[in-house]
Structures are given as C-alpha cells and as structure tokens.
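Chain residues, written in single-letter form:
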Amino acid sequence: MADPNDIFMDAIELKRGDLDFRFHCRMPAGRITAVAGPSGSGKTTLLNLIAGFEVPDSGRIELSGRDVTTFHPAERPVSLVFQENNLFAHLDIATNVGLGISPSLRLADKDLARISAALQRTGLGGYEKRMPGTLSGGERQRAAFARALVRDRPYLLLDEPFAALDPGLRLSMAMLLKELQAETGVTVVLVTHNSSDVRRLAERVIFLEKGRILADDETADFFDRPGPQPILDFRGRDGGM
Amino acid sequence: MARRHEHELNMLTRGEYRRALTGGTLGLAGILLFAGLGTGALFRAGLSGETTPLFDAYMWRVLRFTLLQASLSAILSVGLAMIFARALARQPEFPGRGWILRLMGVPLGLPVIVGALGLVTVWGRNGWANAALSEFGLKEPVSIYGLTGILLAHVFFNFPLAARVLLAGLERLPPEYWLIASNLGMKPLGIFRLIEWPEMKRQIPALGGLIFMLAATSFTLVLLLGGGPAATTLEVAIYQALRFDFDPQRAVRLSLLQIAMTTVLLVLLGLLTKRHAEGATAGGASRRPDGRSWRNRTVDFLLILAGTAFVALPLASVAAAGLRADLLRLAGEAPVHRALLTSLAIAAPSGLISILLAWMISNCRQAILKARAPRPAARLYAASLPQLSSLILLVPPTVLGNGWFLLIGPARLQPAAPLLITLINSLMALPFVLSILDPALAAHRERNGRLSASLGLFGWNRLLHVDWPALRRPVLMALCFAMALSLGDLGVVALFGSDDLVTLPWLLYSRMGSYRTADAAGLALLLGLLCLALSAAGTGNIKRMNGDG
Amino acid sequence: MTARLKTLILSLSVALAAALSGQPAGAADKTLTIYTYESFTSEWGPGPKVKEAFEKSCACTVNYVSAADGVALLSRLKLEGAATKADIVLGLDTNLIAEAKATGFFAPHGIDSSAVKVPGDFKDDVFVPYDYGHFAVVYDSDTLKTPPKSLKELVEGDPAQKIAIEDPRTSTPGLGLLLWVKSVYGDKAPEAWAKLKNRVLTVTPGWSEAYGLFTKGEVPMVLSYVTSPAYHIDQEKTERYKAADFEEGHYIQVEVAGMVKSAHDPDLAKSFLSFMVSPAFQDIIPTTNWMMPAAATSKALPDAFGKLITPKKTFLMSPEEVAKNRKAWIDEWLGAMSMN
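Protein chains in written order, with my numbering: chain A, 30 to 270; chain B, 1367 to 1915; chain C, 519 to 858.
One chain only, chain A, in its complex shape (with noise of 0.2 Å):
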C-alpha cells in the first residue's frame, strides 16, 4: 500500500512562537494533493517543511524512499512555485528557467535547446530574452512551470500558485498544471484557500486547522464530509467552482 514515492511526514511536530504544528500524513506519488485551510492554519509550514526552509522538532520526513528531515532543501528532490516572485527581475525568462538545470547557469547547447522547449509547452515560446517585468502575472507563473518542468524532480510543492491571477486565467492555468502533472507522472502538493482549485485538480485533500490535520480525504469523500464547521466554511466558499 505504501509507495516508497509517497510524500510522509511521520508524526511531526515544530513549535514556531505561540504556534505548535503537529502533522502526519501521507501525499501519495504520483498524484496531486491539495493542501487546504484557514489563513494561519499552517499550510505554508507544511509545505516548508518538505521543501526543507523549516526543520522539524522532532519526527521525519521521508521523500523518494529517503529520510530527508535533515537535508538542505538543495539536496531534496522537489521544485517550488510561489504566488509571486518566483522569477528574478533583473534576469530574462531564458536565464530564470536555465537556473532549474544548472544553478551556475552552465548551460549547453542541448540544455538552451529544452529551455526552449519548455518555454514553448508552457505557451511562452520565444519569450527568451524577455525579462519578467514586461510579462503579465500569469505568464510569469508559466515561467515558473518551465522552470520545473526543466527541474525534472518527482516532486513539485506549489504555494497558492494561482491566487494573484483573474479568474479566467485561474482556470487556464489549472488546466496548464493538471497536464504538464499527467505528462510528467510528478508528485503534486497544492496549497491553496480556493475550493475550486481543489475541486478541479486535487485528487486527495489534507485539510489543515491551528497547525493540526482536520481531515485527510480522498477529494470526492472531502466534499461529501457532513463537518466539522470549517470544513463546511471552506467548502461553502467560491459556490462549488
């Protein structure tokens, strides 16, 4: 039953000020988790802690098969896309995705040429040498997917990746993730506070409350849930799409 690819977080628990994180759970490979909750709840935590940027008080985290609670969030098999900012301002798209296959920006030829190709699948061929300011919001967050997709790690962590576009882009975006997710067969955690995301995209879903783990559903049985009340809150929101 356990897939040596799953994400588990092995009865972890992290204080960070008045706040006091307890999590275990099971992201299983291969698939899209959405992570959801209350502002606060602790769903960004969770996040920093597979991507290595928080080291639990006690407990592991296991990735790849591997223990790799203390490593350095560079030795993790995982790639990131935050909200915002994800690209350097002051580098163009080309360089900004070229630093998922080589951080000293060594690349070859071949590598120029994926770059490229990355760029195209994400609906951004050709902007190479654009640099990020002179892109809208949403083309910037395809960026941050060619970036990734580049990566190539089996695991791909995503911090509320769609909340600054409209909308219409939302939707086109979630479609863009969900397959660029089937090609690629990587594992997928969505933070997000939107239930249509997690209605559109999730196949499973950890529902988070004051740093604990409310429910830990398959999406289907999340949204037949009869409670608890914030659950019912979260799910009342955005009218089902």
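Read the hints as simulated data drawn from the structure, not as lab findings.
Please note that the accuracy of each hint is not assured.
[What the hints assert, rightly or not] Some chain C residues near chain B, calculated using beta-carbon distances under 8 Å:
| id | residue |
| --- | --- |
| 1 | Ser557 |
| 2 | Gly563 |
| 3 | Asp660 |
| 4 | Thr664 |
| 5 | Val702 |
| 6 | Gly735 |
| 7 | Met855 |
For each residue, glycine too, the CB sits at the ideal point set by N, CA and C.
Based on the hints, put chains B and C in the right spot on chain A.
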C-alpha cells in the same frame, strides 16, 4: 514621432508629475544657488590680491594624493561593506543583530577628532592591537601613520554607512528569492553573482561616489593620521589658502578644481548605473536557508564579529575614556546643558530640511525614471540629480561659510548664524539622506504605485495613507542619520561660533584646547550616546530595515 | 513629535525673521566690543574674570565676539572689513602683526606701555602684549627618561622616540616651530627638518590634536609651551609632564591686542589697553590662559609656575621678516618633510 505621455507608467497624474518635476528642480536650484552665492561672494572678495598659480609641483602632488586616497577609501569601504552586509543579510537571526545595526549609525555622527583618538587607542603605537600582538613577541607591528591610517579612519567612518545601505537593499529583495535559490541548489558564489551582486551593483556607484567625496574633502583625519605633509588633500590646501594666506580667490579656485575632478568621476560612475526592475514582495521575515549550513554560518559569524569589532572597539575606547571623566559634574554644568540644547536645536531642523529636500529631489527623479519613455535628456537629468545635489559636499564648509559671512555682513551675523549653520548642515547631510530615501522611494513606487493609482489615491491622500506608512521607517532612519551628522559637525559652527552659539563638539574642542582632556572625553561619550540613541531610533525595533515597515 | 516639530519650525522662522530684519548691534554708548579667540572667552579662560574686573572700573559693558583662534580672528576681521563692530582685537600673535597692520584697520594705541616686560623685548606702537609663552617640547617623564637637551639633540636623536608636531600651514605652534628651527639652523633648516622628520610621528592640524595624542600616551613628546606643565601641576597635581630646556634657547609667542580705527569710543578702548597691562588683568592670566603674564602681577605667580623651566635665550623674529618669508619657508618645510 508622437509626443510621449510621460506620466503613464509612473502612475502619477499629470499635475503630480509636473509638481514632482518642479519640486525637484526647485530643490536643486536652491542648493546650487546657495552654494553659488556663497562661493561667488568669496571669489569677489579676493579680486584685489595678486593670484598665485593654481598648478605647481606641490598642487599636482596634492591632487594625486587626494585622488589616490579617496579612491582607495571608497573601494575599501564599499568592498568591506559588501562582505559585511552579505554576512548579516544571510544571518537574520544573528544574536544582537539589531544592536549591531544601531552601532553602525554611530561613527558618522562623531566629531572626527573623537573617532580618530578612538582609532589611535586601538591601532596606535601603544594601542590595543599592538599590545595584543606584542604578546606574540612582535615589536610594534602595526603602524598606522601614513596612508594606512588615513584609509583605516576613512573606512571606520564610512564603512558602517555603506554596510547599512547595502543591507537595506538586500533585505528589500523579495523573500521568495532566497527560498528559490536554495531550492534550486545555488551555491553561495552563485547566489552572490546572480542575486546579491546585481542588487548591490545598483547602490555602489552612488555609495562609492559619496564616500569618495567624503574622503576627498577629509581634512583633520588626513593631517592627524597622515604622518606628515606628504599626505595632503585639496581640502587642506583650501583651508591653508583661506587661513594664513588669506587668498579667497585661490580657495574658490581650488574648490572648483575639487568639484570638477569629482564631477568627472561621478559622471563615469553614473554611466555604470543601470535601471532595473524591482520585484514586488509579499513581505514577511526573510528566511535565508543558504545561511544555515554549518560552514556558511561559521564564516558569516566570524565576518560579522570582525566587522562589529572593527567599529565597536574604537567606540568602546571612547566610552572607556569618557567614563573616567567626572561625568556627574559635567552633567550638572550649565554650559553643557546649553551646548546640548543648541546642538539639538540645530540638528533637528537641519535634519528636517534635509529630508524635505531629499524628498523633492527623489520624487522628481522617480517621476522621470518611471515615465514610460523619458527623453534621453530627462533621463540623464534624473540619473544625475542625486549626484548633482551631492556635489555640495565638495564645496568646503569654510568656503561656503566665509562666502555667506560676506553676503550677510557682521551686523546681521548674530541672528543669521543659527540659520546658516542649520542650512549648511542640512545640505551636508543631504547626500546621506538621499542614499537612504531614494532607493526606498523607488521600491515603494514600484510596488505600490499602480495600486494607489488604481484606487484613485492621489495627492495628500496618497501621501497620508500610502506613502507615509510605507516610508515612515526609511524617513525616520534618514532623519536620525542627518541629525547625527549635524550633531557631530564642528566645521561650520567653528566659523560662526560666537559665545551664544556653542554646540557640543565646539564645547568639546574648547575643553580639549584648554588642557581639559578628561572633560572632552566625557563630552565625547555624551555625543556617542546621543548618536547611538538617534541610530536606535532610526533603526527601530524591527529586524528588517526595508520600506514595508 | 508633532508638537515639538511645530516648536522647531516656529523657532526657525523666528530666527529667519530676525536674520532678515537685520537687527543692528545694541549700540549703547558705553559698550566695548572685544574680538578674541574662543579659549579666551570660555568659562575656564580669562574672559569672564576680565570682563568682571574691567566693568567694575569703566561703567561700561564688555561684549565678546570670539573666533576659533588668532588666525581665524584676523580672517574674520578681513572679511568684515570696515563694517566690523570690533573696538578691540585681542589674541593676535607676533607672527600675525605684519598682516594685521597691512589691513589698515588698526590705530596706534597711544598708551603708556612701559609696564610691559616680555623676553625678546617686543615693542610696538599699535599692538600691546598681554601675555607670552615660549614654545617647548613637552615630554612624558614616565616614558621618556632622557629627554633631548637641545634642539640639536631633538633633531639628531633616536628616531624611535617620536614627537607630535603641528602643521605650520594651519596652526600657530606649527609656525612657531618652523621659525624656531629657522632661527637656530638658518640656511641649514631643510637638512634639520629632513632629519627631524624621522622622529615626527605625525603632523596635526592644530595644537589640540597633537596634545590629545600626547596625553593619550600615543607619543612621548609634543610641541607645546613651556607653561603647559603648569596646568598639570596646578590642576591635576602631577609633575609627570615636563618641558625640555633647550640649550640654544626657545622661540617665543607673544600675544597682543590692538585698537580698531573705527572704535566708536576710542578713549574707552584705550583705557582697556591700559587696564590690560595692569596687575588687575595680569593677575588673571597665569591660571586661566596658562601663559606668562606680560607685565607685573600684584602677587607672586602660583607655585606651579615656579617649577617651570626658564629659557636661557629667546628667539623672536620681527613680524615683517616673518611676513616676508613665511611662504618660502613653508615651501621649504614641505619639500624637506615630503621627501622619502
């Protein structure tokens, strides 16, 4: 070609754009007028006397040495500040970090003689460094008199400012940058090359230029630590021309030479400055995963300790000497109270004037730079605005003061002196205020400009609800800096000094000049504490010094 | 904050208004305006006591206007020109006299100055001496056991024993040393400077900086005055700091005062100059200005002065000679001191 609408991207209304432009230009014109009138009056005063040739072997030597030591001072100060700022930026949790930053505000506010004697206590022939090294059997290994001492002192006075400005720049970068960098596995060198350096590079021309000007016009430090007249700057020659020689024309011509020399340098530096986009940040504390590795942490801790010790030890020696003074008696003396009040009464308004001028200039500059396609001339104007207004640093206060003295005349001097001192001090502080305010305003406009425009926030409303809350921190920091600078100033006050206008540094010098070194040490401690208090007020209790408070 | 701000802005505008209105000097008839240097008027200096003593006898008010030092005083006078408010200028030294006379601002004093007794017999019909001091190398007897006994010994002594001197381009003591060396060595002065250079730790812009280095223990010798040790003996009860008695003799600095032509009450100005050479004024000088009185005092000098050295010979060049050669000699000094 169609006429361009220059207000479009800067998100200002047409009226605001015009007002920004007018304000900045008026500010600049005011500064130039003030400097020009003073210098001109002095120039006319010397018409009768015979003139000595400006360039002889001596002057060439002076010119060469001025250039050499000022360039080295600027390069060293900025270089060390880069290393230090980078280490501090990478360790946001460093214990006592806030106090280190506050400490960095102190040296520039100290009268130079106080700082110099502090440096001598640490680095002098019988200083702590030599005492420590002679434990290892070395005999007087450190000798600072000469170029070494001059550079040491200039770095001591200027590196802390540079470090603070560079650190503020690094902390203005979006916090996601550091997370992405470490997720991508960028090594420290790569992070430096691709993230930190591009940010620092923007600040370096202005910072380097500023420090160059300060070092080029340095006077007391150069003579005191230079070891002999081989170390002579143009400023010394200017002072000499005005003092024993009383040749105002020569003084003015030397000042013009000083300005011309530096202008060339600043223009060259200005050509290096490029405009680049500001990332918008979501705010929140900086997390620096790249600083967490055991190795980087050790390196950073050592660097931070070394940099802090370099600044703190001379200050500690000043404090130690001060504590040996009869502080209680000093604290009870009426002249000390009067001097304290006089100093504050000059420092506060001069700080405020400085802020106002800096705001006008920076606002104008940002308005032009953020216009969609500013005409080349306008761009050049905007790019050189801070440099132009910084040139005031090159007009020696003696020249400015003597010139205005002539303009005003002895009869009106008494009432006008405080005003003149305040004005000159505020102009001398302007470049520093600009170096803090301008990047903050640029970042703020980039970040919030569109939003306020879309909300229809303009004029006073924007100033009150958007600009002030976001810029309160840098404004306060700049104000405190300017006040500290003015507090430590001796040069201008000494010119007009009359008995009812005795400031703290003036009193300090006066005590030193009448053998009362212990009193002087006590007053130095008081000044140091004032600077620290101002620096603390300017830094606030937040860890980050950026514009989003 | 805002309240304080308002006060500041208010006081600033008041100052501005005052400046613009150009409020004239309170020209009450019986006012004597004395231009002097700052350490004279500081609360430790002779100024306050002199004012009190003179006001007792003259039924007038004494106003001080102070510049940073003697040179700044003269510059200020030149800047002010005929518009000056000064009646008396007090605090020039002999080296500045020629230049001061050249301005044409000063009137002959016309008083009986026979009471004045200064070594080197300085006499002038415009300027009246009020105190003097010989320049001397002051040393720290704790760290320097064998001080130089002559200028020659200073010049040729152990280069490891350093001295801090002042810059003749910017300071009076610096110019004093320059003239001293010139008086002793004549045409050989550049060679002497080239040797002395090795003993010079640094050349400071003014006396305060050099003396600060000295009392900090950074350097065992400093160019100062014969009278300097008196302060330490009298106020700090220590004889640690001593002046070295040089065989060749010492150069003297005589401080003088003069009356300005445009003095609005010449009689009052004259009576001040007469008062200046009387014991009432002279008594104040030793322990406030830490210089030797230029005329008789009513009581013996304080004990501390008894412990000072008495120079065997006094050097003093005429003001005209100094004025004529100063520039050339400074260039000579620069050349010798800048050589490597």
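Checked hints:
Taking 8 Å as the C-beta cut-off, the interface hint given for serine 557/C holds, the closest approach to chain B being about 5 Å. With its C-beta approaching chain B no nearer than about 7 Å, glycine 563/C sits inside the 8 Å limit, and its interface hint holds. Because the beta carbon of aspartate 660/C sits about 12 Å from the nearest beta carbon in chain B, more than 8 Å, this interface hint is broken. Interface hint at threonine 664/C: violated, since its Cβ lies 19 Å from the closest Cβ of chain B, which is beyond the 8 Å cut-off.
Below 8 Å, beta-carbon pairs count as interface contacts, and valine 702/C has none with chain B, the closest being about 21 Å; its hint is therefore violated. Using the Cβ-Cβ criterion of 8 Å, the hint placing glycine 735/C at the interface with chain B is satisfied: the shortest such distance is roughly 5 Å. With a least beta-carbon distance of about 5 Å to chain B, the hint placing methionine 855/C at the interface is held under the 8 Å criterion.
Comparing the model with each numbered hint stated earlier shows that hints 3, 4 and 5 do not hold.
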